[in-house]
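Visitor: Chains as they are written, first to last, in the UniProt record's numbering: chain R, 1 to 313; chain V, 1 to 305.
No lab work stands behind these hints, which were simulated from the structure alone.
The beta-carbon is built from N, C-alpha and C at its ideal position, and this holds for glycine as well.
A few of these clues could be false.
[Unchecked claim] Simulated DEER-style distance windows between Cβ atoms:
no.	chain 1	residue 1	chain 2	residue 2	range
1	V	Asp134	R	Lys117	47 to 55 Å
2	R	Met295	V	Thr93	51 to 59 Å
3	R	Thr94	V	Asp87	20 to 28 Å
4	V	Ser135	R	Thr94	35 to 43 Å
5	R	Asn269	V	Ser135	20 to 28 Å
[To be verified] Which residues of chain R face chain V? A partial, calculated answer using Cβ under 7 Å:
no.	residue
6	Asn150
7	Leu159
8	Thr258
9	Val266
10	Asn269
11	Arg272
[As the list claims (entries may be wrong)] Some but not every residue of chain R turned toward chain V, in silico, with C-beta under 7 Å:
no.	residue
12	Glu90
13	Thr148
14	Val198
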Amino acid sequence: MGKKRKQSEAEIAADVKKEEIAPERPKRTLLGFKTNPENKRENETPGFRNKEKVLVTCSRRISYRYRHLMLNLVDLLPHCKKDNKVEAKESKGTALNELVELKSCSSCLFFECRKGKDLYLWMAKCPNGPSVKFLVNAVHTMEELKLTGNHLKGSRPILTFSSKFDEKPHWTLLKEMITQIFGIPKDHRKSKPYHDHVFVFSIADDHIWFRNYQISCPYNGSQKLDRGDLEKMTLIEVGPRFCLNPIKVFGGSFGGPTLYENPFYVSPNQIRSLEKRKMAGKYAKKVKAKTRRKMHELENPLEVDEFADMWKE
Amino acid sequence: MKIEEEKTMSNEATLNGMEMEDDDPEVSDSELESGEDEEDVKLTEPSKTAVYNKDGLLDKLGDISWPANVDWTHKLSVDIEQEQDVDVNDDLTRELAFYTQALEGARQAFVKFQSAGLPFLRPTDYYAEMVKSDSHMEKVKGRLLAEKRKAEEADERRKARDNKKLAKEVQTQKQKERTKQKKDEIESVKKWRKQRQQTGFPTVGKDDGDLSFAFEDGKSFERSSKKRPGVSPGDRSGGKARQGGGKGNKDFDRKKKDKDRKDSKFGFGGRKGLKKQNTAETTNDFRAFKSSFPSKKKQKSFDTN
């Protein structure tokens, strides 16, 4: 008798457990995940579908570090197409436009490396603009061991923007472009149905700073999260990191009329030449100082000292 | 320029210090590179010729933006209020600002997902390809573990050092106690003797029998003039200064003793001048003397013959 009762108890316990977990899992079909039709079609605009596709390329002679950054972004954006390196000539704009059209993409990220040290990032909406040219600073790739997070490949990120993006029209334009390029289209075939990382786009010192964090939440097996878990939510940085300094905004894609120009921008070449000039002036300055001293001494001769031979006798 | 470079380097260093020490050569190398970039010079005044076509920008924005009533699930974007400007050169506050922005965004997004009944985080039994490979994560883990170990070892070392210091203190305390005890005992015996004399205890013979102590006349604490072996004449501590409490194994002990003796003789510890002088003892010591004169030997052999 006792034995039997035990068994039934165990059964009940198992049932309870099952009920806890079971309803949370979305049904999987051959075509993807089935979601309830009633909560889907409610507030959706009919006919809108995000078909964004991003072409990602770089110029020739890109340094390994910047190439790794590009590959990191390729990993993060499942809706992108990577293409061969492009020669960064004056006519690269037309070549890139053709390439984008050929690949049937709607936007482009072009990493242009100059002198093996300066990285410029072109962010363009194709075919009729706008496009932005950034100078990229403070690059850290995902390979760095101190960035310890990890997340699903192809899960759609949550994009967070600081409120400064709404203050000026050029920031608003950049925000729109970033949401379209970095946001993964809903129901993209390579995307995953969960959201486990956050992108940060923040403006500090007139630069756009990018960070990527994994959301980690200590939760107990079941999918349901409650407020308590929300408090315990922590973030772990996954990388990459970079900082974009906007240089110019053009009306067309890779060209066209200039709509915005960063009034504070100094190109890295200018900075370097300035430093060199500062270094170069050193010797000339020394010689000049010497002659000046000599002239000064000649102009102001010392008065004759009347006590000079007082103790001579 | 040099100073500037150093400044950037230190800047980088603080950045590293903030998020664990960095000893990955590749990373630190490349960081210097980026540090070079990070030192961006801004024009102090905005240039007058800069183009700012507000209408054009807004026009373009209108061109590319999605219809206004697009569902949030398409965009997944969250705007976060940024209270004040962050100081870009202060790495800690800057990163903290980014972190709080991300956290706030994640929370808001969670609430939105929850209300829409959509899945949010990955369930624990959902396995799929990750952005970082397993081998890479292994490396990350190894690094974290190594760092932890390093910290633990450093901790242990520090503890040992502290203990050593404490032990020294305890030792001195003990020594003080011991001398005090000795003094007390002597004092008590003296007192007892005095009492005994006062009470008129009959003295037997000339001395007080067993109870005449050498220390009575205050000579007790003088060092005995007898020379100790292996102690140089200049060494006033009587060779005790060098004899630390060494509690090792036997071999080690012996070695140490040998070394000590040599040291006392040839340089370490004690005055040099007197140590190297001959004394009566050393002049009479013929142990080291080797009779290597052939004539003597011959004589000896002759004698035996």
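Visitor: Could you run down the list of hints and mark each one as holding or not?
Guide: Hints, one by one, checked against the model:
Distance hint check: the CB atoms of Asp134 of chain V and Lys117 of chain R are about 34 Å apart, inconsistent with the given range 47 to 55 Å. At about 52 Å, the beta-carbon gap between Met295 of chain R and Thr93 of chain V stays in the expected band of 51 to 59 Å. The hinted range of 20 to 28 Å is not satisfied by Thr94 of chain R and Asp87 of chain V, whose Cβ atoms lie roughly 43 Å apart. Distance hint check: the CB atoms of Ser135 of chain V and Thr94 of chain R are about 42 Å apart, consistent with the given range 35 to 43 Å.
Our hint of 20 to 28 Å for Asn269 of chain R and Ser135 of chain V is violated, since their Cβ atoms are close to 40 Å apart. This hint holds: Asn150 of chain R has a C-beta 5 Å from the nearest C-beta of chain V, less than the 7 Å allowed. Given the 7 Å rule on beta carbons, the hint for Leu159 of chain R holds: about 4 Å separates it from the nearest Cβ of chain V. Below 7 Å, beta-carbon pairs count as interface contacts, and Thr258 of chain R has one with chain V at about 5 Å; its hint therefore holds.
This hint holds: Val266 of chain R has a C-beta 5 Å from the nearest C-beta of chain V, less than the 7 Å allowed. Hint status for Asn269 of chain R: violated, given a least beta-carbon distance of 12 Å to chain V, over 7 Å. For Arg272 of chain R, the shortest C-beta to C-beta distance to chain V is roughly 10 Å, which exceeds 7 Å, and the interface hint is violated. Look at Glu90 of chain R: its Cβ only gets to about 21 Å from chain V, farther than 7 Å, so that hint breaks.
This hint holds: Thr148 of chain R has a C-beta 5 Å from the nearest C-beta of chain V, less than the 7 Å allowed. Interface restraint check for Val198 of chain R: the shortest CB-CB distance to chain V comes to about 4 Å, inside 7 Å, so the restraint holds.
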